[in-house]
Amino acid sequence: MMNKLTPPDLQESEAFLTDLFQQVKIWEGNLSGGETLNVGATAVERLLSTKIQFGNPTHNLTRLTPARFKQLGIELAPLIRQQMDERDFYYMTLGADMRPEPGAQFKVLACELNFGPKGLDEPIIQTIFPQSRWRPVLSWGGGLSLTLDGNLSWGVGVDASKLSQLLNLPDELKAFVTNKDELKSFIVVPDYTYELGRFEIVAFGEGNSECYWYIDEPDLQKKATVQFGIIFKVPKKTASVELRGLVWTEPRMNWLVAQVENVFGYLSDQLKTLLGSKDKAANKFARGAAEKWVLPLPN
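At position 153 of the sequence shown the residue is numbered 153 (this note's numbering), and the sequence of numbers has no breaks.
Keep in mind that a hint or two might mislead.
To be verified - Using 30 Å as the maximum straight-line C-alpha spacing, the simulated DSS-like pairs for lysine-lysine come out as follows:
#  : residue 1 : residue 2
1  : 233       : 118
2  : 70        : 236
3  : 237       : 118
4  : 51        : 280
5  : 292       : 237
6  : 25        : 280
7  : 174       : 70
8  : 233       : 25
9  : 292       : 51
10 : 280       : 292
11 : 292       : 236
12 : 280       : 70
13 : 51        : 278
14 : 25        : 272
15 : 292       : 233
16 : 292       : 118
17 : 272       : 51
18 : 272       : 70
19 : 25        : 51
20 : 174       : 233
21 : 118       : 272
To be verified - Quick list of the computed label-pair ranges, beta carbon to beta carbon:
#  : residue 1 : residue 2 : range
22 : 49        : 240       : 29 to 39 Å
23 : 173       : 26        : 49 to 59 Å
24 : 272       : 236       : 54 to 64 Å
25 : 294       : 11        : 21 to 31 Å
26 : 150       : 278       : 42 to 52 Å
27 : 66        : 14        : 28 to 38 Å
No lab work stands behind these hints, which were simulated from the structure alone.
None of the values given here were measured: they were computed from a predicted structure.
All C-beta atoms in this analysis are idealised placements derived from N, C-alpha and C, irrespective of residue type, glycine included.
Using the sequences plus the hints, can you model the full thing?
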């Protein structure tokens with residue numbers, strides 16, 4: 001799908017949507033002879049009113065130690081044990097809460113996380129969740145238990161009622177999906193829920209200080225919370241890390257263009273060009289949130 005995301009400029013997106021709303025409202029009023037026929041303006045206003053925000057990054061922030069795994073009877077892989085002697089490991093989950101206004105249609109949810117401070121001692125991302133390989137399991141819906149094994153590889157615990165669907169999974173994934181009642185792994189999130197429907201996902205960033213998720217779902221119209229999981233490592237005795245987050249959603253451009261088609265010819269050349277570019281210009285009308293945190297690291 002892509003090698004690197006192109007994040008939107010949220011201030012620019014706000015300006016484009018506000019300009020579109022004002023122009024559509026004026027022209028719909030002119031063309032209707034004063035009658036209230038603001039179909040397009042209402043649709044754009046619903047985009048403007050859509051909210052998306054991050055949760056609290058410290059909610060599940062926990063240090064991973066050999067002692068924790070030993071208590072659970074999980075043997076760490078030699079390489080992981082060696083790295084834990086040299087660095088401190090942590091896991092965290094960060095939720096993105098999307099609240100579209102009724103009738104507003106979106107098709108993309110994306111997230112970018114950037115750890116700091118930069119330099120030789122910058123935080124390094126060990127692994128992230130979800131990744132594209134997990135799409136078949138996440139599409140089942142319902143609550144999952146998110147786990148880690150001795151290689152710090154993600155696993156998923158599911159209800160026994162869904163085990164029959166294991167037969168349809170790729171062989172390389174079956175070994176990482178288990179009955180919730182028989183888990184022998186480090187349970188990171190006991191009630192992980194993925195609320196999106198049919199989707200494609202691209203995620204990358206392992207071995208870097210930045211990570212990205214791009215979720216393409218044809219029909220995002222309902223409230224949803226997506227939890228992103230990250231394991232990262234830092235030099236010993238690091239007291240805190242910096243984190244910058246950007247999360248955004250992009251509208252279904254076919255839907256947006258259809259809502260304003262009656263006044264399309266009267267819009268400014270700039271807006272006509274953007275709307276005519278369809279999905280290529282979707283992030284110019286994005287809704288999103290940007291946050292910065294300094295996270296104290298627990299012992």
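We went through each hint and held it up to the structure:
{"no.": "1", "hint": "233 x 118", "verdict": "holds (13 Å)"}
{"no.": "2", "hint": "70 x 236", "verdict": "holds (20 Å)"}
{"no.": "3", "hint": "237 x 118", "verdict": "holds (17 Å)"}
{"no.": "4", "hint": "51 x 280", "verdict": "holds (22 Å)"}
{"no.": "5", "hint": "292 x 237", "verdict": "holds (22 Å)"}
{"no.": "6", "hint": "25 x 280", "verdict": "holds (25 Å)"}
{"no.": "7", "hint": "174 x 70", "verdict": "holds (25 Å)"}
{"no.": "8", "hint": "233 x 25", "verdict": "violated (51 Å)"}
{"no.": "9", "hint": "292 x 51", "verdict": "holds (18 Å)"}
{"no.": "10", "hint": "280 x 292", "verdict": "holds (28 Å)"}
{"no.": "11", "hint": "292 x 236", "verdict": "holds (23 Å)"}
{"no.": "12", "hint": "280 x 70", "verdict": "violated (50 Å)"}
{"no.": "13", "hint": "51 x 278", "verdict": "holds (22 Å)"}
{"no.": "14", "hint": "25 x 272", "verdict": "holds (15 Å)"}
{"no.": "15", "hint": "292 x 233", "verdict": "holds (19 Å)"}
{"no.": "16", "hint": "292 x 118", "verdict": "holds (15 Å)"}
{"no.": "17", "hint": "272 x 51", "verdict": "holds (25 Å)"}
{"no.": "18", "hint": "272 x 70", "verdict": "violated (61 Å)"}
{"no.": "19", "hint": "25 x 51", "verdict": "holds (22 Å)"}
{"no.": "20", "hint": "174 x 233", "verdict": "holds (28 Å)"}
{"no.": "21", "hint": "118 x 272", "verdict": "violated (41 Å)"}
{"no.": "22", "hint": "49 x 240: 29 to 39 Å", "verdict": "holds (36 Å)"}
{"no.": "23", "hint": "173 x 26: 49 to 59 Å", "verdict": "holds (54 Å)"}
{"no.": "24", "hint": "272 x 236: 54 to 64 Å", "verdict": "holds (57 Å)"}
{"no.": "25", "hint": "294 x 11: 21 to 31 Å", "verdict": "holds (24 Å)"}
{"no.": "26", "hint": "150 x 278: 42 to 52 Å", "verdict": "holds (47 Å)"}
{"no.": "27", "hint": "66 x 14: 28 to 38 Å", "verdict": "violated (48 Å)"}
The structure fails to meet hints 8, 12, 18, 21 and 27 from the earlier list, while all remaining hints are met.
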